[in-house]
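Protein chains: 2
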Amino acid sequence: MKLGAIEAGGTKVVLAVGNDQGEILEKEVIPTEHPDITVPKVIAFFEGKGIERLGLGGFGPIDINETSPAYGQVQKTPKTEWVDYPFGAKLKEGLGVPINIDTDVNVAAMSEAKWGNATDVDTCLYITVGTGIGAGAYFHGQTLKGLSHPEMGHIKVRRHPEDTYEGTCPYHGDCLEGVAAGPSLEKRWGKKGHELADDDKVWEIEAFYLAQALTSYIYILSPERIIMGGGVMKQQQLFPLIRKNVLEMLNGYVSSPYLTEKEIDNYIVSPGLTDEAGVKGALYLAMQE
Amino acid sequence: MKLGAIEAGGTKVVLAVGNDQGEILEKEVIPTEHPDITVPKVIAFFEGKGIERLGLGGFGPIDINETSPAYGQVQKTPKTEWVDYPFGAKLKEGLGVPINIDTDVNVAAMSEAKWGNATDVDTCLYITVGTGIGAGAYFHGQTLKGLSHPEMGHIKVRRHPEDTYEGTCPYHGDCLEGVAAGPSLEKRWGKKGHELADDDKVWEIEAFYLAQALTSYIYILSPERIIMGGGVMKQQQLFPLIRKNVLEMLNGYVSSPYLTEKEIDNYIVSPGLTDEAGVKGALYLAMQE
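Those protein sequence lines, which keep their order, are chains E and D. Residue numbers for the first sequence, in numbering that gives the first Met the number 0: 0 to 288. Residue numbers for the second sequence, in numbering that gives the first Met the number 0: 0 to 288.
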């Protein structure tokens with residue numbers, strides 16, 4: 000059986016045709032533009048390819064409540080031309096196949112659990128730190144969702160004593176995303192993250208914020224593994240700093256062999272599927288009835 | 000079929016015999032003392048009553064991972080005489096029946112979902128604010144657990160600008176529990192919560208911290224209902240203050256009809272089972288195979 004997979008990100012959309020064994024047979028990447036440009040391109044890619052179901056991992060707030068009249072509709076996002084756009088409905092109308100929808104980070108967590116760096120555990124959290132900060136959780140065979148989907152990047156964090164930057168979040172100023180996503184690095188320091196690779200202070204502050212968020216996620220969700228991806232996490236020097244800060248902040252409170260100096264390297268890890276976590280997750284989503 | 004239910008709290012243990020319809024037939028409350036005193040009393044209560052299974056909702060960190068060698072064992076708790084006590088194993092040994100174990104707050108969330116104020120939704124969060132702060136989540140028919148159980152009371156919150164109290168948590172000083180549980184009220188203001196009922200500043204600060212935590216829980220878990228119980232929440236004036244702060248902090252970011260001035264009274268609510276949430280949850284736990 001052929002299945003369609005879409006990973007719709009804020010800057011690019013990854014399109015793939017795969018099979019029900021989870022293999023990707025064909026892939027294409029297009030930029031995320033105005034929906035009137037992008038969505039016809041998406042439909043054109045899949046047309047005539049005989050897909051029987053479609054999985055969509057969508058960026059930004061997207062309504063993933065199947066009982067909602069706005070299921071598959073994009074919600075508040077800084078990409079204003081997508082606000083309230085009925086993404087799921089347009090795809091269903093254009094391609095005439097059933098569609099399963101979840102967030103980009105939820106499907107990434109799902110595919111890391113199925114094929115990546117969390118195949119040996121029942122619960123994992125996937126965090127992306129890039130243009131924004133988002134996270135998805137896969138617990139005992141289900142992605143985490145309730146009232147809506149989580150928006151974990153918008154929690155408040157305590158400020159680093161040496162950081163007075165006001166934050167970039169249009170809704171909350173200095174929430175986690177406001178002080179630790181890629182754009183905040185660039186605005187605070189006047190250079191992009193990869194140009195700051197050698198500046199220790201930059202990564203000390205970045206790790207302080209991300210570790211604080213991870214500590215909250217551990218207290219609230221207790222995942223058995225945390226996978227960190229996205230553009231900012233390409234700075235590999237962040238990993239040891241984050242791990243050290245997490246252990247210090249937990250201060251031994253959560254009893255687990257993972258949360259020790261010896262094992263934390265196997266607890267907070269990079270994605271196993273590198274850049275394919277999203278699209279493979281969308282394929283796995285399409286594989287669900 | 001007769002079933003046993005135990006709600007083991009930090010100050011008292013509620014014991015009940017119920018049936019598989021969820022009805023409580025007999026109940027007794029004993030104080031939480033040294034385990035060598037308390038556990039024989041628990042066993043004596045159930046002996047000869049013909050219970051076929053037991054559900055235990057346990058206070059404090061308790062190992063609820065069924066595959067762990069320490070399943071049912073009490074972990075780090077300020078009640079030092081209980082640390083590492085094999086609570087589950089001792090009960091099983093004493094009564095010779097299968098036992099299901101979860102945290103006190105997880106079973107409270109479960110029973111609110113089954114019989115209380117969250118019967119109409121698929122996901123809920125139960126928070127107790129008393130001697131400590133703990134929370135349990137019930138999502139799509141399962142309580143939330145992973146590496147361990149959540150310890151939601153220990154997240155860091157930003158400090159209220161007028162509050163310099165150093166916090167009571169032996170592990171983290173001014174984490175949420177350290178600045179907002181009952182003992183912190185008493186130490187900060189020199190009186191117990193119920194003696195401070197008329198002091199607006201007390202509840203403004205308390206609501207600021209609790210609302211901040213709720214906002215994080217909403218971003219991270221997205222529950223469809225939040226139920227707040229425990230001794231401190233008997234101060235009913237807290238509810239409108241918390242609701243108002245939550246809406247202000249979210250600042251319209253999470254789209255949901257519940258998160259509006261009109262509906263928030265039906266989103267952040269008191270327990271429906273009042274003081275029986277815990278023991279009824281333990282009974283529901285015993286009802287699970």
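Heads up, a few of these hints could be off.
Since the list can't tell identical chains apart, any single copy or any two copies may satisfy a pair.
[What the hints assert, rightly or not] Below, simulated SDA-like cross-link-like pairs (lysine to any residue); rule was C-alpha separation at most 20 Å, straight line:
1. Lys78 - Met286
2. Lys89 - Met248
3. Lys40 - Val120
4. Lys75 - Met248
5. Lys91 - Trp188
6. Lys26 - Met286
7. Lys75 - Ser254
8. Lys11 - Val82
9. Lys200 - Asp119
10. Lys75 - Glu247
11. Lys78 - Ser254
12. Lys200 - Val28
13. Lys75 - Thr259
14. Lys233 - Pro85
15. Lys186 - Ser254
16. Lys75 - Tyr252
17. Lys113 - Ile42
18. Lys186 - Gly172
Don't read these hints as lab results, they were simulated from the structure.
Legend entry - Alpha-carbon proximity context of lysine 200 and valine 28, limit 20 Å: neither (36 Å within a copy, 56 Å between copies)
Inset, instruction - Please work out whether the CA atoms of lysine 78 and methionine 286 approach to 20 Å or closer within one copy, between two copies, in both situations, or in neither? - result: neither (29 Å within a copy, 49 Å between copies)
Inset, instruction - Measure nothing new, just compare the shortest in-copy and cross-copy C-alpha distances for lysine 75 and methionine 248 to 20 Å and report within, between, both or neither. - result: Between. Shortest inter-copy distance 16 Å satisfies the 20 Å Cα cut-off; intra-copy 33 Å does not.
Inset, instruction - Give the relationship of lysine 75 and glutamate 247 under a CA distance limit of 20 Å: within one copy only, between copies only, both, or neither. - result: between (36 Å within a copy, 17 Å between copies)
Legend entry - lysine 91 and tryptophan 188: within-copy, between-copy, both or neither at 20 Å Cα: Neither, since 44 Å and 60 Å both go past 20 Å.
Inset, instruction - With 20 Å as the alpha-carbon cut-off, assign the pair lysine 40 and valine 120 to within, between, both or neither. - result: Neither way: lysine 40 and valine 120 sit 38 Å apart in one copy and 38 Å across, limit 20 Å.
Inset, instruction - Please work out whether the CA atoms of lysine 78 and serine 254 approach to 20 Å or closer within one copy, between two copies, in both situations, or in neither? - result: between (42 Å within a copy, 16 Å between copies)
Legend entry - Up to 20 Å CA-CA - valine 82 versus lysine 11, copy category: Result: close within a single copy only, 17 Å intra versus 52 Å inter.
Legend entry - Homo-oligomer pair classification [aspartate 119, lysine 200; C-alpha up to 20 Å]: Neither: 36 Å inside a chain and 50 Å across chains, both beyond 20 Å.
Legend entry - Intra- versus inter-copy proximity for methionine 286 and lysine 26 (alpha-carbon distance at most 20 Å): within (17 Å within a copy, 49 Å between copies)
Legend entry - Copy assignment of lysine 113 with isoleucine 42, given that the CA separation must stay at most 20 Å: Classified as neither: same-chain Cα gap 27 Å, cross-chain 44 Å, threshold 20 Å.
Inset, instruction - At 20 Å max between alpha carbons, let me know whether lysine 89 reaches methionine 248 within a copy, between copies, both or neither. - result: For lysine 89 and methionine 248, the Cα distance exceeds 20 Å both inside one copy (46 Å) and across copies (34 Å).
Of the numbered hints stated above, those contradicted by the structure are hints 1, 2, 3, 5, 9, 12, 14, 15 and 17, listed in ascending order.
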